[in-house]
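One line per chain: the protein sequences are A and B, in this order.
Sequential numbering of the first sequence, starting at 1, is according to my numbering.
Sequential numbering of the second sequence, starting at 1001, is according to my numbering.
The hints are simulated quantities; they were obtained by calculation from the structure and are not laboratory data.
Computed from a predicted structure; not experimentally measured.
Idealized CB from N, CA, C, for every residue including glycine.
Worth double-checking, as some hints may not be accurate.
Claimed, not checked - Covered stretches of chain B (in silico footprint by chain A; criterion: 3 or more residues with CB under 8 Å from a CB of chain A, positions within the stretch not fixed):
#1 1041-1049
#2 1178-1188
#3 1348-1362
To be verified - Counterexamples of contact, computed for chain B against chain A with all Cβ distances above 10 Å:
#4 V1033
#5 I1075
#6 F1127
#7 V1173
#8 K1193
#9 R1228
#10 S1240
#11 L1262
#12 L1270
#13 L1281
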Amino acid sequence: MPKGLLYDSTMCIGCRLCEKGCAEHHKMPYDEVIASEEKLSAHKLTAITTHGDKFMRRLCMNCLDPTCVSVCPVAALQKSTNGPVTYDASRCMGCRYCMFACPFQVPTYQWNSRLPVVKKCDMCADRVAAGLQTACAEACPTGATKFGEREDLIAEARQRIASNPGQYNQHIYGIEEVGGTSVLLLAAAPFDQLGVRASLPITPMPLLTWRALSEIPSIVTVCGMLLGGIWWLSHRREEVQAAERKEREEKS
Amino acid sequence: MTQVRRWPRLTFWQAVFFLIVAAGLYATYVRIVYGLGGATHLNDQFPWGIWIGFDILCGVGLAAGGFTLAATVHIFNIERYKPILRPAILTAFLGYLLVILALMYDLGRPYRVWHPLVMWNPHSVMFEVGWCVTLYTTVLALEFAPIVLERFHLVRALKVMRIVLIPLVILGVILSTLHQSSLGSLYLIVPEKLYPLWYTSLLPVFFFISALCAGLAMTIFESWHSSRAFGKQLELSLISSMGRLLAVLLSVYMTMRFLDLLHRGALVLLTPRRPETYLFLLEIALFVVPMVLLFRRKVYTSAPALYGCAVMVLFGFVANRLNITVTGMEAGSGTSYFPKWTEIAVTLFIVALGFAIFRFAVKYLPIFEDVAEAGHRGRARLSTKRAGSMVPAD
Chain A
1 MPKGLLYDST MCIGCRLCEK GCAEHHKMPY DEVIASEEKL SAHKLTAITT HGDKFMRRLC
61 MNCLDPTCVS VCPVAALQKS TNGPVTYDAS RCMGCRYCMF ACPFQVPTYQ WNSRLPVVKK
121 CDMCADRVAA GLQTACAEAC PTGATKFGER EDLIAEARQR IASNPGQYNQ HIYGIEEVGG
181 TSVLLLAAAP FDQLGVRASL PITPMPLLTW RALSEIPSIV TVCGMLLGGI WWLSHRREEV
241 QAAERKEREE KS
Chain B
1001 MTQVRRWPRL TFWQAVFFLI VAAGLYATYV RIVYGLGGAT HLNDQFPWGI WIGFDILCGV
1061 GLAAGGFTLA ATVHIFNIER YKPILRPAIL TAFLGYLLVI LALMYDLGRP YRVWHPLVMW
1121 NPHSVMFEVG WCVTLYTTVL ALEFAPIVLE RFHLVRALKV MRIVLIPLVI LGVILSTLHQ
1181 SSLGSLYLIV PEKLYPLWYT SLLPVFFFIS ALCAGLAMTI FESWHSSRAF GKQLELSLIS
1241 SMGRLLAVLL SVYMTMRFLD LLHRGALVLL TPRRPETYLF LLEIALFVVP MVLLFRRKVY
1301 TSAPALYGCA VMVLFGFVAN RLNITVTGME AGSGTSYFPK WTEIAVTLFI VALGFAIFRF
1361 AVKYLPIFED VAEAGHRGRA RLSTKRAGSM VPAD
């Protein structure tokens, strides 16, 4: 069963222990300066953002049908069956199409490195594969970030809204967005007020390019036959003319 | 005046050329040593800049004259276009080589540029783009090869080339069609980021048609310039009919763009006072004005007027590609982008290299040979030119 994460903004106290746990697990530096940066970067794979008295968490949504996986020309990005979207730096040539295409603007780049790699949250793929929960969920003291089966988390989110309808925005973000994401978000306010892109289509993005890509075989066949045919016609006319001229000359 | 003469004589354009090369080499150093962050204004929100938008998208589009003319001459068998086929193939070949060079600047790890050839992901448009660039550059090299073989009188190799020419040209047209349109398909994945004046599911089709327009305009452009630089007679009847074809293509393109905006209900976007609106209108004007002009007899029978229209179309084409890559992407990415000087220096460097290599190739290879034999005046002028060069005229 695919795993997931449920982040409940109403339970978040902004302590940033998820950021710290994430940095520790990924062996990245973490200090007060980094803590104060409220955006994702190559040295910060998850970030708590403040919106008045409310919080929101930014991390890779680990989509069910990920845009980045479909656009990567070298298949460096892969979707695991148990949820995480992983990145293999040894394949990456640095075209940055994943960053360009990601609807959540999640992948980041080591801009000042001579041999840069893409950085993004991988939902602690190694821990999840070992049967553990993600580092951020483990670090969260309030349960605002919860790890579990995606199905169970959806049920729990529905139940939280049902038992406390006044406290929540009725929408569970991530059930349908771009075909569904492993990370689910709950909040009190509308999501666009919390810096989350609220108007994403519910169809998976890879379909948009696949529709064009699947035309390739027919373009090749039709184009090839058309051009071959035109070539044959245009040169045949010449051959016929030459043959007729020859015939006439022989007669006279 | 006497002071200046002591130095080797430098024309204005040569001076500009050396300045650009110097700036370009320094920018290259910055790119290698300080990485993409030191050499560009790109960031996590805006990962693609003018190296993609201009160097690659425009470079490929402007090379479209190559496959268009190859098809015209070899497939449609319209022989009278033969004199301008070779310069068009040269432009396309050069264009693709320079696109690959630009890619070396833009890729984070350029030494892995071959990865898509062995690590496949057929679901990726970029994968298709990578294969198209590789295969079509090979095809262009082969289409260009006879010119070099002729120069060195390699008769046997030439015979082999003649046999494979037609399949090669057909393959070239197919690959170009795929490649030109796939550059548009790259942007299909960002419906929520690309401004709706430009985002449409027809992007691949529009990229293809506009590339045909740019290819024709480029052919007119270089016919004019080479006739001036190499003192050969301009084939007015040829560029005139190309100008008329361009007018038809432009009107098809503009009609489709209009209908697309209409059906998507995007025409209302022409009213807000936003930079996107103005730059969109500028782009459209650069297509519509030459389109209207090129339908007029006075225009398509006059070489300077044709040249002016071709230049406008080229600017329109560049405006379109930059609008899609920069103007239309800023608001949706929640950031603004203006290229750093190093990005501009590398771009100018690559363009300057293109001009220099073109001149060099035309001087030492039989690019305009067919034309020289066609007209006495052309031949006389061309041979004096070649006699002046280091290679003896044959």
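Status of each hint after checking the structure:
1. For the region 1041-1049 of chain B, the assignment as covered by chain A holds, since 6 residues bring a beta-carbon within under 8 Å of that chain's beta-carbons and 3 suffice.
2. Residues of the region 1178-1188 of chain B with a Cβ under 8 Å from some Cβ of chain A number 6, which satisfies the need for three, so the listed coverage holds.
3. Coverage of the region 1348-1362 of chain B by chain A is violated [criterion: at least 3 residues with CB-CB distance below 8 Å; count 0].
4. Listed as outside the interface, V1033 of chain B is inconsistent with that label: its C-beta sits roughly 7 Å from the nearest C-beta of chain A, within the 10 Å cut-off.
5. With a minimum CB-CB distance of about 5 Å to chain A, I1075 of chain B fails to clear the 10 Å threshold, and the non-interface call is violated.
6. At roughly 4 Å from the closest C-beta of chain A, the C-beta of F1127 of chain B falls inside 10 Å, breaking its exclusion from the interface.
7. Here V1173 of chain B does not stay apart from chain A, with its beta-carbon only about 6 Å from theirs, under the 10 Å limit.
8. A beta-carbon of chain A is positioned within 10 Å of the beta-carbon of K1193 of chain B; the least distance is around 8 Å.
9. Under the 10 Å C-beta cut-off, the non-interface status given to R1228 of chain B relative to chain A holds; the minimum distance is some 33 Å.
10. No Cβ of chain A comes within 10 Å of the Cβ of S1240 of chain B; the nearest lies about 22 Å off, and the non-interface call holds.
11. The non-interface label for L1262 of chain B is consistent with chain A: the shortest C-beta to C-beta separation is roughly 21 Å, beyond 10 Å.
12. At roughly 22 Å, the least C-beta separation between L1270 of chain B and chain A is larger than 10 Å, which holds for a residue marked as non-interface.
13. Every CB of chain A lies more than 10 Å from the CB of L1281 of chain B, the least distance being 26 Å, so the non-interface label holds.
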